[in-house]
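Peer 1: Throw the hints in and build the complete structure from the sequences for me.
Protein chains: 4
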Amino acid sequence: MKYGIIGRNGRMGNEIYNLFSEKGHELVFSYDNTGEKFLEKPQVLIDFSLPEAFEKTIEYVDKFHCSLIIGTTGLSEIQLKKLHEIAQNVPVIQSYNFSLGIQVLLKLVKVANELLDDVDIEISETHHRFKKDKPSGTAKMIKKVIGKDVNISSLRLGNIPGDHTIYFGNLGEVISISHRALSRRTFAEGVLKSAEFALKTVAGFYTFQDVFEITMKR
Amino acid sequence: MKYGIIGRNGRMGNEIYNLFSEKGHELVFSYDNTGEKFLEKPQVLIDFSLPEAFEKTIEYVDKFHCSLIIGTTGLSEIQLKKLHEIAQNVPVIQSYNFSLGIQVLLKLVKVANELLDDVDIEISETHHRFKKDKPSGTAKMIKKVIGKDVNISSLRLGNIPGDHTIYFGNLGEVISISHRALSRRTFAEGVLKSAEFALKTVAGFYTFQDVFEITMKR
Amino acid sequence: MKYGIIGRNGRMGNEIYNLFSEKGHELVFSYDNTGEKFLEKPQVLIDFSLPEAFEKTIEYVDKFHCSLIIGTTGLSEIQLKKLHEIAQNVPVIQSYNFSLGIQVLLKLVKVANELLDDVDIEISETHHRFKKDKPSGTAKMIKKVIGKDVNISSLRLGNIPGDHTIYFGNLGEVISISHRALSRRTFAEGVLKSAEFALKTVAGFYTFQDVFEITMKR
Amino acid sequence: MKYGIIGRNGRMGNEIYNLFSEKGHELVFSYDNTGEKFLEKPQVLIDFSLPEAFEKTIEYVDKFHCSLIIGTTGLSEIQLKKLHEIAQNVPVIQSYNFSLGIQVLLKLVKVANELLDDVDIEISETHHRFKKDKPSGTAKMIKKVIGKDVNISSLRLGNIPGDHTIYFGNLGEVISISHRALSRRTFAEGVLKSAEFALKTVAGFYTFQDVFEITMKR
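Chains as they are written, first to last, in full-length UniProt numbering: chain R, 1 to 218; chain G, 1 to 218; chain H, 1 to 218; chain Y, 1 to 218.
Identical copies look the same in the list; a pair holds intra-copy or inter-copy alike.
With a straight-line cut-off of 20 Å between C-alpha atoms, the simulated DMTMM-like cross-links for lysine to aspartate or glutamate are: (1) LYS193 to GLU114; (2) LYS131 to ASP120; (3) LYS131 to ASP118; (4) LYS144 to GLU114; (5) LYS132 to ASP149; (6) LYS37 to GLU26; (7) LYS143 to ASP163; (8) LYS107 to ASP210; (9) LYS193 to ASP117.
Because the hints were derived from the structure by calculation, they are not lab data.
Peer 2: Shown next as C-alpha cells:
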C-alpha cells in the first residue's frame, strides 16, 4: 500500500516505517517537525504524533480523502468529536493500544473469568522505571474486563517494556495468563493490521478492538 | 448427599472423604483392603482404587442402583466396555483427570490458538522426581488441542505436583497460559462436581469434560 | 535418634513425626492435649506447640537433660530469657522459620545485592487466602537483608503455601531469585537438621541461621 | 574517555556508540565498511566486527598504542595467540559475552550449588526463533559451573533476547535463579565497564570475568 506518516521521525513513526518497509509498503508522504515530504497521495495516513499536530492531520485527511489510523494520546473531547465527524467520509481507526496480544489477553481473561468461580484473582504488572502512572492503563482495562474489585500489584523495574499477569487461584490450583511485550514493534504490527483493515472497509469510526474482532471472525 | 467410596483408605479416597465431609456430605458406605463398611445405601459410589477391585465396584453399583464416579487408572478394554453397559441403567462418569483447572486451561489454549497466527508455540511441564513418564499425559492433551507438532520441555524437580505452561510468541510479544496444581484436593473437587452432576442427570456415560462443558453452560 | 515432641498431634507435630519416622528415628516421648506418652528418655525434645505449654517444655528438658528444638511462635520476652538460661546446660535451637531454602534464598539475595548496583529492586510474595498479615514475615527478612527501602507486592491467592521472588533490574537485564514452598515438609526437614546438629554440639543458644551456617561450612 | 570503534555501523557498534555518547565519552576514531574516520588518537579501541577485520584492528592498536576491548566471535587460534602477544604491551579484554548480569547469575548458581544438596537441578533457556544453536552457549557455561550432568530445556520463541533459569528442587521447596536480557544494551554496558577498567590497569590479557571479579572486589 501507499501510506503517509504524521510524526515520521518519532519513536513510533520510526517503528512503523521499519515494519511497513519490510512488508513492501511504500511511504509516499510524511510530516513531522522537519517539515512535509510529498511524493504521492497516500491511501492511508498514520498519525502517532502530538495533539498539537491534530489540525494538520485533519487537513491532510480532507485533502487526500484517505483512511486515518490514529494512536496519538491526549486528544481532547473536541478533537475526538472531530474524528467521529470525518469518519462519516473515510474509515478512521483510533486506539491508545495497538497490541494484538493485549486484545488476545483480554479475551482469555474474559473466558477464564466466566469459567472459574470461587477463585481469588490478582493482577500484577511490571514496567520500566520511567513509567510514572501506577497501575498501568492496560491493568485497568484488565480489571474492567473482570468486573470485580481486584488487587493490582505494580512493579517498576529497569527497562521492562511491559509485563501483565492475571492469576486465578482456588484451594487446589492456580491458572495464570501472561502477556510480555518485547518491543514497540508489536504496536507497529497492530497499526499495519489496522491499515490493511482500513483499505477493505467502508467509512466509519473503529477502535482497535473492532479491528481485532472483525478480523478474527474472517 | 449420601455417598460411598471404593478405595476409602487410599490417597485419593482420603482426599475425597475430607472434602466431602467439609461440604456436609455423608459417607454411608466404604470398601477397601480393610473390608466393607455399610451404614446405608449410597446415592453415588466413587471408585479411586485399582482395576482388581473393578468386579466388586460393578456388583455394588448393581446392588445399590446408584451413580458411579470412577477415576481408577489402568482399566482394560473389557472393563471400559462394562462401564458403558451399566451406563444404560445409571449415570457413569469416567476420567483420568478430574481437575477443573486443566479443563479451563485446555479451553484457554484452544481460544489462544485460534486467535493467534504466525506464532511459535512451546509447552513446558514440570513434575516431581518420581514421575516416570515424559512428557506428561496432560501435556499430550494440550498438544492435541493445539493440533500442531509442538515441542514439549519436561522438567523433573523435587516434589512439584504438576505445572504446565503454554507459550505463544511472535516478534513483538509473548502470551503464556499456566496451570499449577497445589495438591490432590483439586482432583477431589472435580469428583464432587461430578457427583453433584450425577445426581441431577439421567443414565448415560460421561467424561469429566462433558461434566465441565454441561455444567459451565448452566 | 530417640526424640520427643511437645504438640505431637498438631499440624507441625504430625509433619515432624512423619519425616523422622521415614528416616528411622524413634519417637519415645510425646505430650499434647491428649496427655503424656512416655516410653523412654529422649535425646532431643521438639516443641511446636503454644506458649501456654512452655512451662511444661522447660520442665521436661530439665528432667530429661536433653537438647531442645523450639519453633513455637509468640513466646514472651520472659520465656525467651528462660530459653537462654537453660541453654547454659543443653543445646537450644530456636527459630520462627526452619526452612533451609529460605536461608539459601537470603544468602543469594545478599550476594546479588552486593554485586549489583544501580538496579531497581522489587520483592513479590504470594500466600494463601487465609494469611492475614501483609507483607509476610519472610518478605520483611528479605528487605532487611537488602538494607534499602524496597517495595513489597503481596498477593493472596487460593492455597499457595508461600512464594517469594526478588527482582533486580537495570536498563539491560533483570535477575530474579525465587523460593517456592511446596509443603510443610520443608520445615520438618529444618527441624531434623537442627536435631542432628544438637546431638553433635555443646550447650548453647542457637538460631536456625546458626545451624545453617555452621552445617554448611562442614 | 576518547575511544574508537571497529565495526562502527554494526548492531553492537551502534549500541556501544549510543551508550558511550550518553555517558559523555567521545568517539574520536572509527573504522567499518564505509571506511576510516580519524579525529584523534583513542585511549581505547573497541572491536565488535568480524574476524576478517582482525589484521586492521591489530595494526591500529600498534599505531595508537591503546587498550583493546574485543567481542568479535569466531576468532582463530592464531588470532587469539596474536591477542596474547599484543597484551604484553597494552591491556586487552576479550570475551564472547559482556553481560554483567550473566556473571552475577553464574556467581549465584555457584553459591546455590554449594549450599544445596540432595536437590534436582534443571536449566531452562528461551531464545528467539532465529537462534540456531541448542542449547545456548550461556546454558553450557551454567552447566559447567554446576559441574553435574544437568538436563537443559531449550525453548525457541518469537523474538526473546535471552532468558535463562536454573531450578533447584527437593521434596519441600524449589529455589530458582533467572536472568532475562532486555536488549543488547546490557552488552554495551559490559563493554563500558571493560573500557573503564582498561584505563586503570596495566598491560595484560583479561577476560570479562576477570574484569567482573576485580571490579567487584574494589
